[in-house]
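Enquirer: So the chains spell out like this:
2 protein chains.
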Amino acid sequence: MKVLQHVDKNMKGLITDLQTLIRQPSVSAKNECLEECAELVAKIMSRSGIKSEILRIGNKIPPVVYGEVKSKQNQSKTILFYNHYDVQPAEPFELWDDKPFSGKIKGNKIFGRGSSDDKGELITRIKAVESYLKVHGDVPCNVKFFVEGEEEIGSMHVEQYLKKYKNKLACDGVIWEFGYVDQKNRPIISLGMKGLLYVELSVTESIRDAHSSLAVLIKNPSWRLLEALKILRDSDGKILIKDWYKEVDPFTKKELELINSEPFDESSFKKEYGIKQFVANKKGRDVKKALVGEPTCNIAGFISGYVGPGAKTVLPANALVKIDFRLVPKMDPKKQLARLEQHLRSKGFGDVKVTMIHGEAASRTKISDPFVSQVKEAANESFGKSIISVSSAGTGPMYSFAKILAVPSISVGCTYIFSRIHSPNEFARIDLLKKTTKCICLIMDKFAS
Amino acid sequence: MKVLQHVDKNMKGLITDLQTLIRQPSVSAKNECLEECAELVAKIMSRSGIKSEILRIGNKIPPVVYGEVKSKQNQSKTILFYNHYDVQPAEPFELWDDKPFSGKIKGNKIFGRGSSDDKGELITRIKAVESYLKVHGDVPCNVKFFVEGEEEIGSMHVEQYLKKYKNKLACDGVIWEFGYVDQKNRPIISLGMKGLLYVELSVTESIRDAHSSLAVLIKNPSWRLLEALKILRDSDGKILIKDWYKEVDPFTKKELELINSEPFDESSFKKEYGIKQFVANKKGRDVKKALVGEPTCNIAGFISGYVGPGAKTVLPANALVKIDFRLVPKMDPKKQLARLEQHLRSKGFGDVKVTMIHGEAASRTKISDPFVSQVKEAANESFGKSIISVSSAGTGPMYSFAKILAVPSISVGCTYIFSRIHSPNEFARIDLLKKTTKCICLIMDKFAS
Numbered sequence: 001m002k003v004l005q006h007v008d009k010n011m012k013g014l015i016t017d018l019q020t021l022i023r024q025p026s027v028s029a030k031n032e033c034l035e036e037c038a039e040l041v042a043k044i045m046s047r048s049g050i051k052s053e054i055l056r057i058g059n060k061i062p063p064v065v066y067g068e069v070k071s072k073q074n075q076s077k078t079i080l081f082y083n084h085y086d087v088q089p090a091e092p093f094e095l096w097d098d099k100p101f102s103g104k105i106k107g108n109k110i111f112g113r114g115s116s117d118d119k120g121e122l123i124t125r126i127k128a129v130e131s132y133l134k135v136h137g138d139v140p141c142n143v144k145f146f147v148e149g150e151e152e153i154g155s156m157h158v159e160q161y162l163k164k165y166k167n168k169l170a171c172d173g174v175i176w177e178f179g180y181v182d183q184k185n186r187p188i189i190s191l192g193m194k195g196l197l198y199v200e201l202s203v204t205e206s207i208r209d210a211h212s213s214l215a216v217l218i219k220n221p222s223w224r225l226l227e228a229l230k231i232l233r234d235s236d237g238k239i240l241i242k243d244w245y246k247e248v249d250p251f252t253k254k255e256l257e258l259i260n261s262e263p264f265d266e267s268s269f270k271k272e273y274g275i276k277q278f279v280a281n282k283k284g285r286d287v288k289k290a291l292v293g294e295p296t297c298n299i300a301g302f303i304s305g306y307v308g309p310g311a312k313t314v315l316p317a318n319a320l321v322k323i324d325f326r327l328v329p330k331m332d333p334k335k336q337l338a339r340l341e342q343h344l345r346s347k348g349f350g351d352v353k354v355t356m357i358h359g360e361a362a363s364r365t366k367i368s369d370p371f372v373s374q375v376k377e378a379a380n381e382s383f384g385k386s387i388i389s390v391s392s393a394g395t396g397p398m399y400s401f402a403k404i405l406a407v408p409s410i411s412v413g414c415t416y417i418f419s420r421i422h423s424p425n426e427f428a429r430i431d432l433l434k435k436t437t438k439c440i441c442l443i444m445d446k447f448a449s
Numbered sequence: 001m002k003v004l005q006h007v008d009k010n011m012k013g014l015i016t017d018l019q020t021l022i023r024q025p026s027v028s029a030k031n032e033c034l035e036e037c038a039e040l041v042a043k044i045m046s047r048s049g050i051k052s053e054i055l056r057i058g059n060k061i062p063p064v065v066y067g068e069v070k071s072k073q074n075q076s077k078t079i080l081f082y083n084h085y086d087v088q089p090a091e092p093f094e095l096w097d098d099k100p101f102s103g104k105i106k107g108n109k110i111f112g113r114g115s116s117d118d119k120g121e122l123i124t125r126i127k128a129v130e131s132y133l134k135v136h137g138d139v140p141c142n143v144k145f146f147v148e149g150e151e152e153i154g155s156m157h158v159e160q161y162l163k164k165y166k167n168k169l170a171c172d173g174v175i176w177e178f179g180y181v182d183q184k185n186r187p188i189i190s191l192g193m194k195g196l197l198y199v200e201l202s203v204t205e206s207i208r209d210a211h212s213s214l215a216v217l218i219k220n221p222s223w224r225l226l227e228a229l230k231i232l233r234d235s236d237g238k239i240l241i242k243d244w245y246k247e248v249d250p251f252t253k254k255e256l257e258l259i260n261s262e263p264f265d266e267s268s269f270k271k272e273y274g275i276k277q278f279v280a281n282k283k284g285r286d287v288k289k290a291l292v293g294e295p296t297c298n299i300a301g302f303i304s305g306y307v308g309p310g311a312k313t314v315l316p317a318n319a320l321v322k323i324d325f326r327l328v329p330k331m332d333p334k335k336q337l338a339r340l341e342q343h344l345r346s347k348g349f350g351d352v353k354v355t356m357i358h359g360e361a362a363s364r365t366k367i368s369d370p371f372v373s374q375v376k377e378a379a380n381e382s383f384g385k386s387i388i389s390v391s392s393a394g395t396g397p398m399y400s401f402a403k404i405l406a407v408p409s410i411s412v413g414c415t416y417i418f419s420r421i422h423s424p425n426e427f428a429r430i431d432l433l434k435k436t437t438k439c440i441c442l443i444m445d446k447f448a449s
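So the protein sequences, as listed, match chains V and D.
Sequential numbering from 1 applies to the first sequence in my numbering.
Sequential numbering from 1 applies to the second sequence in my numbering.
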């Protein structure tokens with residue numbers, strides 16, 4: 001295919017555009033330069049021949065970049081690429097080898113926050129469309145882009161955007177914002193996402209910090225928070241909140257077959273993180289089942305008192321913990337929040353303040369959907385092999401797309417599984433950027449036919 | 001007494017000198033401007049007629065400011081003032097109404113880190129000596145000053161200084177670096193200090209932060225640290241470490257009598273901190289007994305993961321907790337540390353790393369020492385009333401003074417009990433600065449006779 005040859009020739013442009021995108025910080029948690037980054041994405045799209053437009057639902061809400069190319073040869077099918085231009089905060093800065101937004105190239109790797117998640121993914125899709133337009137002056141099917149700016153803080157306005165622009169966004173299938181590639185260079189085609197309930201629990205014991213000698217009298221909020229946390233989860237990761245798993249279905253036979261056939265290299269995974277055992281000493285199939293379908297209760301952050309150097313003694317007034325609960329299909333974030341609150345109250349922790357920061361439900365595309373086999377064929381041709389996974393362990397607003405646009409969504413992309421997304425020294429692999437761009441070209445082709 | 005009248009006239013100078021001292025930051029935990037502050041103290045002493053000298057035991061160790069005035073009339077008795085020029089860190093900065101090192105005056109209060117602890121205390125002693133010299137050209141007894149720069153990080157070199165300069169520092173009694181004044185303007189004459197064991201406990205579960213979706217597999221260090229902390233202390237404050245209280249003596253009859261007679265205004269204390277109940281719901285005599293003689297295990301700080309705004313999900317690699325244990329007489333910090341380590345190991349927490357930051361033993365001066373009644377008389381004359389306490393709830397290197405100089409130490413000073421030392425908006429009360437300066441004059445007089 002001439003288009004795939006063009007992708008090879010076009011890699012220099014892809015890398016330059018990706019570096020430009022990385023060098024534009026866009027940390028949604030800090031509301032940092034989101035407008036600037038949206039405009040940059042629109043500009044890069046336009047240069048690639050994609051008609052771009054900034055969508056808004058309010059002044060203070062980060063815009064969505066919409067992109068569109070109408071096919072001349074085939075208007076009966078429309079594919080939509082869902083991506084995001086925002087990135088995770090880069091902290092802790094001191095653990096980066098280079099500046100977090102450097103876009104520095106070392107061998108086969110491009111470093112920087114967002115290099116894989118999700119600016120790398122986005123650029124493969126833009127460049128796939130560009131190659132079609134350059135070679136054929138046309139695309140095999142209609143193409144749409146929906147590039148949001150709040151994915152890393154929970155995509156809280158995606159549903160509003162989807163509702164307001166439902167007709168504009170109408171399509172027949174969604175290629176999700178990312179896809180992992182494993183250690184053997186096999187793309188993992190993921191058919192689902194876990195949900196998320198993100199909360200802050202805080203305890204305030206007094207109206208001001210006190211001299212720590214007063215610890216004989218004044219309660220310490222960390223001790224109290226510790227007690228509350230102990231009733232949420234056991235040391236094997238099982239969540240102790242009443243009825244937490246009530247609606248969770250067991251895996252279907254088909255799902256279990258897929259999970260069984262999915263490879264997972266435990267030893268290289270353990271090596272990457274320098275660990276000897278998994279949580280609850282999980283092994284073999286249990287590891288894979290957990291990644292696909294186990295809800296979690298994770299302490300994303302804990303802060304109280306003085307945490308600088310030296311021996312400052314203080315009795316802090318407040319303590320705060322940030323928790324992300326990953327959810328699986330049929331778990332409703334609001335219902336789970338109510339269960340958490342009720343559990344704390346019923347166990348005597350009514351003094352622990354619960355603040356919901358974000359919630360979204362899990363979603364899974366049916367294994368039998370024809371879109372699944374089209375994507376698999378394309379991935380096999382580009383990478384030589386591929387793996388289908390029932391669900392990613394991560395979270396995204398797939399549920400909203402399924403509900404409002406009523407179309408299947410599938411994850412496939414260029415994110416190497418150890419590319420340190422959300423962590424210092426995040427990188428993208430250049431070889432995978434190329435293969436994935438070709439894979440996206442092939443998906444459009446197969447999807448159109 | 002003419003000297004006391006001079007103190008009244010000299011208040012403007014006292015306030016100006018205190019402001020100058022506050023405006024010179026000297027955070028020992030950050031090794032910030034300690035040399036500069038020591039030089040400033042020496043300069044202020046010299047201006048007041050005190051012969052000052054910078055003592056050193058090494059290049060990198062904060063110096064001690066030594067001050068001396070030889071009495072012409074009476075060289076048979078020497079009083080030593082122990083103070084410190086370093087201060088606690090001012091964090092959290094955002095909770096200060098003015099800049100932390102402002103020295104701003106509002107009505108009867110001077111605000112700023114160190115205004116009470118310990119620059120306010122120090123200035124009352126310097127000014128008491130100055131008044132004697134101005135009025136009589138002499139002091140009633142020999143006077144020495146020992147002003148160190150590491151009190152807030154545990155006075156770890158005081159013992160070395162005391163040993164090296166044992167002869168220079170020889171004296172008959174020590175007035176300790178601070179003394180509280182309660183809500184009814186009664187100075188609390190404290191005869192002892194608790195000890196301190198300051199440790200950091202940390203857990204590392206992997207070699208790098210991970211995407212929090214991996215919480216199904218990778219252990220979270222906060223959860224582990226929580227489990228370890230739960231075996232250290234029960235919710236009533238009782239320390240669960242094996243043999244923790246083994247050497248602790250019960251109170252003597254005399255001590256109990258003093259504790260019984262000591263007033264303590266529970267309701268205004270609770271109001272100041274906005275709390276309804278004390279730890280373990282303590283009341284009456286138990287409150288006072290706890291302040292004097294209960295060991296504590298206090299979480300001074302806890303940090304892990306992302307603690308900024310928004311919903312960043314991360315599975316942190318490390319978690320750290322800073323703990324201060326207050327100790328009572330006969331508890332040896334090193335022995336207690338070994339007990340802590342052994343306790344963690346024996347309960348299966350050998351993976352929790354324990355780092356000792358500082359340790360010092362508790363000390364108490366005998367109630368029957370004549371120095372006690374001299375100080376009490378002086379305090380009664382200056383304040384109209386006073387209270388004797390068996391021990392402060394706080395910590396200081398009193399044990400080293402007792403051991404090396406073999407003299408009694410007594411705390412008496414100007415620190416209003418709710419002056420927010422170690423916390424934002426620390427202040428000193430001008431009325432108490434004046435009364436305390438007079439009290440120090442009277443102590444010198446009574447001590448000499």
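If you're looking for bench data, these hints aren't it; they were derived computationally from the structure.
Every residue, glycine too, gets a C-beta built ideally from N, C-alpha and C.
Honestly, I wouldn't trust all of these hints.
[Said to hold, decoys possible] Subject to a maximum C-alpha distance of 25 Å in a straight line, what follows is the list of computed DSS-like cross-link-like pairs (lysine-lysine): (1) D:43 x V:230; (2) D:144 x D:70; (3) D:30 x D:43; (4) V:230 x D:30; (5) V:164 x V:144; (6) D:353 x V:270.
[Unchecked claim] Pairwise CB distance ranges, derived in the manner of DEER restraints: (7) D:257 x V:277: 55 to 61 Å; (8) D:342 x V:367: 52 to 58 Å; (9) D:342 x V:231: 24 to 30 Å.
Enquirer: So the hint says 24 to 30 Å: do the beta-carbon atoms of residue 342 of chain D and residue 231 of chain V match that?
Expert: holds (28 Å)
Enquirer: Would you mind confirming whether the straight-line C-alpha gap from residue 30 of chain D to residue 43 of chain D stays at or under 25 Å?
Expert: holds (23 Å)
Enquirer: CA of residue 164 of chain V to CA of residue 144 of chain V, is that 25 Å or under?
Expert: Holds, because 16 Å separates the two Cα atoms, which is no more than 25 Å.
Enquirer: State, for the Cβ atoms of residue 342 of chain D and residue 367 of chain V, whether the hinted interval 52 to 58 Å holds or is violated.
Expert: holds (55 Å)
Enquirer: For the pair supplied as a hint, residue 353 of chain D and residue 270 of chain V, confirm whether the alpha-carbon distance does not exceed 25 Å.
Expert: holds (22 Å)
Enquirer: Would the pair residue 43 of chain D and residue 230 of chain V pass a check requiring their Cα atoms to be no farther apart than 25 Å?
Expert: violated (55 Å)
Enquirer: Cβ-Cβ distance between residue 257 of chain D and residue 277 of chain V: within 55 to 61 Å?
Expert: holds (58 Å)
Enquirer: Given the hint that residue 230 of chain V pairs with residue 30 of chain D, test it: the Cα-Cα distance must not exceed 25 Å.
Expert: The hint is violated at about 35 Å.
Enquirer: With a cut-off of 25 Å on the C-alpha distance, tell me whether residue 144 of chain D and residue 70 of chain D pass.
Expert: holds (9 Å)
The structure does not agree with the numbered hints 1 and 4 stated previously, though it agrees with the rest.
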